[in-house]
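*Asks:* Let's have the full structure, built from the sequences with the hints guiding it.
Protein chains in written order, with my numbering: chain A, 1159 to 1587; chain B, 1159 to 1587.
Derived by calculation from the structure, the hints in this document are not laboratory data. Check before you lean on any hint, since a few could be wrong.
All copies of an identical chain are treated as equivalent in the list; a pair is satisfied when it fits inside any one copy or across any two copies.
Unchecked claim - Derived pair list, reagent style DSSO-like, types lysine-lysine, alpha-carbon separation capped at 27 Å: (1) Lys1562 x Lys1311; (2) Lys1534 x Lys1254; (3) Lys1534 x Lys1243; (4) Lys1179 x Lys1390; (5) Lys1328 x Lys1165; (6) Lys1572 x Lys1179; (7) Lys1534 x Lys1378; (8) Lys1562 x Lys1243; (9) Lys1562 x Lys1572; (10) Lys1534 x Lys1572; (11) Lys1311 x Lys1287; (12) Lys1378 x Lys1165; (13) Lys1165 x Lys1307; (14) Lys1587 x Lys1179; (15) Lys1165 x Lys1379; (16) Lys1243 x Lys1179; (17) Lys1311 x Lys1378; (18) Lys1316 x Lys1327; (19) Lys1587 x Lys1208; (20) Lys1327 x Lys1382; (21) Lys1208 x Lys1572.
Number of protein chains: 2
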Amino acid sequence: MSSILIKNAMIVTQNSNREIKLGDIYIDDGLISEIAPSIHSEAEYVLDTKGQVVIPGLINTHNHISMTLMRSLADDVHLNEFLEKTFAVDSRRTRKDVFAGSMLGVLELIKSGTTSFVDMYYWEDETAKAVTEGGIRGFLGWAVLDEDKSTQKGAPIKNAENFIREFRKKERIYPLPAVQGVYAASEETFLGAREVAEKYNTIAHLHLSETRMEVYEHEKKTGKRPAEWLDKIGFFYDHVLAAHSTWLTINEVRILARNGVSVAHCPTSNMKLATGGYAPLPEMFREGVNVSLATDGCASNNNMDMLEEMKICSLMHKAHRWDATVLDAQTTLDLATINGARALHMEDKIGSIEEEKRADIAVLNGRSERMLPLSKATAVSNIVYSAHGGDVLSTIVNGKLLMKNRQVLTMNEKAVLDMADERSRELLK
Amino acid sequence: MSSILIKNAMIVTQNSNREIKLGDIYIDDGLISEIAPSIHSEAEYVLDTKGQVVIPGLINTHNHISMTLMRSLADDVHLNEFLEKTFAVDSRRTRKDVFAGSMLGVLELIKSGTTSFVDMYYWEDETAKAVTEGGIRGFLGWAVLDEDKSTQKGAPIKNAENFIREFRKKERIYPLPAVQGVYAASEETFLGAREVAEKYNTIAHLHLSETRMEVYEHEKKTGKRPAEWLDKIGFFYDHVLAAHSTWLTINEVRILARNGVSVAHCPTSNMKLATGGYAPLPEMFREGVNVSLATDGCASNNNMDMLEEMKICSLMHKAHRWDATVLDAQTTLDLATINGARALHMEDKIGSIEEEKRADIAVLNGRSERMLPLSKATAVSNIVYSAHGGDVLSTIVNGKLLMKNRQVLTMNEKAVLDMADERSRELLK
Chain A
1159 MSSILIKNAM
1169 IVTQNSNREI
1179 KLGDIYIDDG
1189 LISEIAPSIH
1199 SEAEYVLDTK
1209 GQVVIPGLIN
1219 THNHISMTLM
1229 RSLADDVHLN
1239 EFLEKTFAVD
1249 SRRTRKDVFA
1259 GSMLGVLELI
1269 KSGTTSFVDM
1279 YYWEDETAKA
1289 VTEGGIRGFL
1299 GWAVLDEDKS
1309 TQKGAPIKNA
1319 ENFIREFRKK
1329 ERIYPLPAVQ
1339 GVYAASEETF
1349 LGAREVAEKY
1359 NTIAHLHLSE
1369 TRMEVYEHEK
1379 KTGKRPAEWL
1389 DKIGFFYDHV
1399 LAAHSTWLTI
1409 NEVRILARNG
1419 VSVAHCPTSN
1429 MKLATGGYAP
1439 LPEMFREGVN
1449 VSLATDGCAS
1459 NNNMDMLEEM
1469 KICSLMHKAH
1479 RWDATVLDAQ
1489 TTLDLATING
1499 ARALHMEDKI
1509 GSIEEEKRAD
1519 IAVLNGRSER
1529 MLPLSKATAV
1539 SNIVYSAHGG
1549 DVLSTIVNGK
1559 LLMKNRQVLT
1569 MNEKAVLDMA
1579 DERSRELLK
Chain B
1159 MSSILIKNAM
1169 IVTQNSNREI
1179 KLGDIYIDDG
1189 LISEIAPSIH
1199 SEAEYVLDTK
1209 GQVVIPGLIN
1219 THNHISMTLM
1229 RSLADDVHLN
1239 EFLEKTFAVD
1249 SRRTRKDVFA
1259 GSMLGVLELI
1269 KSGTTSFVDM
1279 YYWEDETAKA
1289 VTEGGIRGFL
1299 GWAVLDEDKS
1309 TQKGAPIKNA
1319 ENFIREFRKK
1329 ERIYPLPAVQ
1339 GVYAASEETF
1349 LGAREVAEKY
1359 NTIAHLHLSE
1369 TRMEVYEHEK
1379 KTGKRPAEWL
1389 DKIGFFYDHV
1399 LAAHSTWLTI
1409 NEVRILARNG
1419 VSVAHCPTSN
1429 MKLATGGYAP
1439 LPEMFREGVN
1449 VSLATDGCAS
1459 NNNMDMLEEM
1469 KICSLMHKAH
1479 RWDATVLDAQ
1489 TTLDLATING
1499 ARALHMEDKI
1509 GSIEEEKRAD
1519 IAVLNGRSER
1529 MLPLSKATAV
1539 SNIVYSAHGG
1549 DVLSTIVNGK
1559 LLMKNRQVLT
1569 MNEKAVLDMA
1579 DERSRELLK
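*Replies:* Below is the structure:
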C-alpha cells in the first residue's frame, strides 16, 4: 500500500460541518491519516493540487454497469419498446459481454471521479473481475427474482448466495442480493433475499415504484401499493436500498423513513424514460429518509457521469417545484457523497474527507474555463452546476491512485475500448 | 486562409437528409470545398479523425457571455434575490471586467465546440475584441432599453446603432440590437430597435415571456400578453429572435409562427431559476416556429456547454410531457445546429457540413469510454445523451483551426484564466 501526499488543495471535506479547507492530505495504508494546512512527511507519490479541488469520491448507488454496451440502443421510445429492445439484446448476451461492458463501465467511473457504485445484474462475478482490475469499490447486487421469471441458470436466490459467499472476502467487493422488483418477485423471493442479506450482513437492493404501471398492477393484485406491501411482508429494514422510488405517496415515504430504508434517486433515467414520476425528495428529507444519487444503467441515461447527474438532479426538482431553493448545491453534493456512504452503511469509512476514513478521493481541475471564479464560496456550486466528468484529473480509491492527470494507471484504456468495441459489434449486429 | 484536410471522419452532416457519411472533408479559404469518401489533395493541416465524430459547430443563440465572471454567484435563490445579487455586481463592473469575462467565455465556447453565439449586454465592443481574438462568430446584441431604465452612458438605442455601424464590417462579428424585454422597453424603444435592425439587415434579439410576473404585469398594463402586444405594435418580423419564450399561449405560438420569429430556448436557465415555464416546443414545431438552443449566461446555468444543454433539453421535455419520444436525439441536435443557423438567417452558410458552406466544425472524440458503442445508428444519441464539452477535440471556425487536440491555438489559455481570476477577485470582493 503506497503513501500519497496531496499538497495545496482546496478540500471540499463533506465533513459534518461541510467545511472547505485549504491545505494538505496525507494518505497512508489506504487511510486518510492527516489533514493539515501544511504537511512535510515523505510520500511515495506527491500530487501538487494547487488550483485544484479535492472532493470525496462520488458514490453511484444504482447501476447496471455492463449495459454500457447498450448505450444509445433504445432511445426516444416508449418504455415497453425500450424493454423489448434491451431484453432482445440481453437474451443474446454472453459472459464475455458482461465482462467487456463492465470493464468499459469501470473505466468510465474512474475517469469521472466515481469511486463506489452499486450494481444490479446477473453474472456479477464477471463484473467483480472488472472491479478488481480497475480498483474501485463495487457493491455488486446479483439479480434475484422468481425462478419462473428468470433466464438465469439455476435459482436466482441460490446464485446470489453462492456469489456472495465466494466474493465477500475479496478486497473492495461487496456482494449483495438485488431484487428485480414487485413485478418479478414473490413474497417468498423478497424474504429469501432479506434473509441472505442479513446472514452475510450486506445491503439488500431493489427497484421500487419506478413506473405507474408497476404501482397500479401491484395494487390491483395485492390491494397494496409496493412500498406498503413490502412493509407488510416484512422486507423493509435499515439495510434496504430502494432504487427510483418515484411513485410514492407521503404514507409510503413515511414507511421508508420508519424502516430506515435508503433511496437511490435516478433523475436522468426517470426523465429520459418519461416514467412521469418525480421522486418526492423534499418530503423524503422532511420525513428523514436518506436519499443518495445514481445514474442507472447506460441504456437509459446514457452515461454514468455523477457530476452531470448532480446538475440534472437539482434542475429537475427546481423546475418541478417552481422553487429555485430546493436541492441547493450543497444538498445535491451530499446525495452524491455522504448520503451514498450512509445508504451503504459505510458512513464511517467513505463519503467524506476526514482523518481515519478510507482514502476515496477525486481531484478536479479548478483552473479550467468552467471552474472560474473559484473560491470557498463558489466551489460547491461550480462542482454541482458547471463541472463534468472530464474535469476530474485524478481518482484515488482506498489510498491507491487509479488515475493521475487523466491517465488511468490500473487499466489498459486502449484494450478496454477495443474489447468493448468488438463485443458490441458482435452483440448488436 | 489555410487549407485543412479532415481524414477518415464519421461526419454527422446535418444536411437536409440528416446523412451520416464516412470519409474526408477538404476545407479551403474558409469553405467546405469537398466532402468525399477519400480525398488526396495536399493541405496545410491534415487532421486524421479516425474514430472521431465530426459535427457542425454548435450554435448558442442566447447568452450574456461576460457574465462568466458571475458564475456561481447567485445560485439556489428566488428570482428576485438572483436579480438583486447580479445587479449589485453588475453596477460595479468596468469595461475590463466585460472584456475579461468575454475572454473566459470565448475560451469556454471554443473548448466545448460552439462556433457561433448570440450575446446580449452592453460594452459589446469589449466582447467583440474577445471574439476577434478567439476566432469564433459573435452575434453581438447591444442591450436596448428605455433611457430612464438604463445605466448606460447615453441613449441605449444610439449606443446600439453606433456599435453596429462600427463593427458590422468586421470579420465574424455580427452586431445587432437586443431589447431587454417588455418590462424595460416602451413601444418606441421596440420599434426603434426594429428600425435599426432593418436598416443594417441584422437580427433583432429580445427576452420574451421568461417569467409569469413579466407576462401578468404586462397584461395588467396593456391588456395584452407580451407576444400579443409585440405583434400589435408591429415589432415582430422574420428577423426577430426571441429568447426563452416559455410562458406562451397557443395563440402566441401562432403569432410567432405567422411572423417567422425564431425562438432561443434556454432549458437549463429556466429550470435553474425555477421560472415555472416549459417552453411549448412540441406546439412550436407543430405550428412551424423555428426553435434553436441556448445556454443563457453563466449566472443562471452555470456553464455554456451546448452538448450538456442538448441532453438537459431533451430530458426536460420528455419528463414534462410524460413522453419519451418528444425531443428525440435528432431533433435536439437540430436545435443546436441547423435551426440555430436558420434563426440567424445564416442557413445557407453555417449549421451543417455541406459543400460550399463556411467551415464551422467541431470534432468529438468517438473513441472514449462515453462514446462507445459508436456506429451510424448510435452517433447522434451518443452526442446528445452522453457527450460533454470535454469530448470536443478540435474546433474549426471559418476554415481556421481554433483548437487542435484540446490545445487552443488562438488564445493564451493561461493568460485568459489568470485575467478572469484576477478580475473576479476584484469584482466579487
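*Asks:* All the hints need checking, so say for each whether the structure fits it.
*Replies:* Structure-based check of each hint:
no. : hint              : in the structure
1   : Lys1562 x Lys1311 : neither (41 Å within a copy, 51 Å between copies)
2   : Lys1534 x Lys1254 : between (46 Å within a copy, 24 Å between copies)
3   : Lys1534 x Lys1243 : between (47 Å within a copy, 18 Å between copies)
4   : Lys1179 x Lys1390 : neither (46 Å within a copy, 58 Å between copies)
5   : Lys1328 x Lys1165 : neither (32 Å within a copy, 47 Å between copies)
6   : Lys1572 x Lys1179 : between (37 Å within a copy, 25 Å between copies)
7   : Lys1534 x Lys1378 : neither (52 Å within a copy, 43 Å between copies)
8   : Lys1562 x Lys1243 : neither (38 Å within a copy, 38 Å between copies)
9   : Lys1562 x Lys1572 : both (16 Å within a copy, 21 Å between copies)
10  : Lys1534 x Lys1572 : between (38 Å within a copy, 21 Å between copies)
11  : Lys1311 x Lys1287 : within (20 Å within a copy, 67 Å between copies)
12  : Lys1378 x Lys1165 : neither (60 Å within a copy, 59 Å between copies)
13  : Lys1165 x Lys1307 : neither (54 Å within a copy, 50 Å between copies)
14  : Lys1587 x Lys1179 : between (52 Å within a copy, 19 Å between copies)
15  : Lys1165 x Lys1379 : neither (60 Å within a copy, 60 Å between copies)
16  : Lys1243 x Lys1179 : between (48 Å within a copy, 26 Å between copies)
17  : Lys1311 x Lys1378 : neither (31 Å within a copy, 69 Å between copies)
18  : Lys1316 x Lys1327 : within (18 Å within a copy, 75 Å between copies)
19  : Lys1587 x Lys1208 : between (48 Å within a copy, 21 Å between copies)
20  : Lys1327 x Lys1382 : neither (39 Å within a copy, 71 Å between copies)
21  : Lys1208 x Lys1572 : between (30 Å within a copy, 14 Å between copies)
Comparing the model with each earlier hint shows violations of hints 1, 4, 5, 7, 8, 12, 13, 15, 17 and 20; every other hint is respected.
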